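> Sequence:
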Amino acid sequence: MARYRDGEIAHLGYLEDYAFLVNALIELYEATFNAKYLSKALALNEDMLKLFKDEDQGGFFYMGLMVKS
Numbered sequence: 002m003a004r005y006r007d008g009e010i011a012h013l014g015y016l017e018d019y020a021f022l023v024n025a026l027i028e029l030y031e032a033t034f035n036a037k038y039l040s041k042a043l044a045l046n047e048d049m050l051k052l053f054k055d056e057d058q059g060g061f062f063y064m065g066l067m068v069k070s
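Take 2 as the starting number for the sequence shown in our numbering and just add one per residue.
The hints are simulated quantities; they were obtained by calculation from the structure and are not laboratory data. This structure is a prediction, so every number in the text was calculated from the model and none was measured. Among the clues, some could well be false.
As the list claims (entries may be wrong) - Below, in silico cross-link-like pairs of lysine-lysine (DSSO-like), each with a Cα-Cα straight-line distance of 27 Å or less:
#1 K37 - K54
#2 K51 - K41
#3 K51 - K37
#4 K54 - K41
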C-alpha cells in the first residue's frame with residue numbers, strides 16, 4: 002500500500018514501491034545471507050509481476066491492476 006495512516010489504507014502501491022522493496026530485501030540477503038530475506042524478495046517479485054505486468058503489449062504498468070487471489 003502507498004499510504005497507511007491511523008489504521009486506514011488509502012492507495013495501492015506503485016511499481017517502483019515494489020521494485021525498491023524487492024531490491025532492499027536482496028541487499029539484506031547479500032549482507033546477512035539470511036534466506037528469509039531472499040524468500041520474501043522472490044514472493045514480492047511474483048506479486049509485482051501479477052499486479053503490474055502488461056501481458057498484452059509487454060512492459061509494466063506504473064499503477065497496479067486489481068487481481069483476485
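> Holds or violated: K54 with K41, Cα cutoff 27 Å?
It holds: about 19 Å lies between the C-alpha atoms, which stays within 27 Å.
> Holds or violated: K37 and K54, Cα atoms, limit 27 Å.
holds, 25 Å
> Need the status of pair K51, K37: alpha-carbon distance at most 27 Å?
Roughly 21 Å between the alpha carbons, so the hint for K51 and K37 holds.
> Hinted pair, alpha-carbon criterion (27 Å max): K51, K41. Please report holds or violated.
holds, 15 Å
Comparing the model with each earlier hint shows no violations; every hint is respected.
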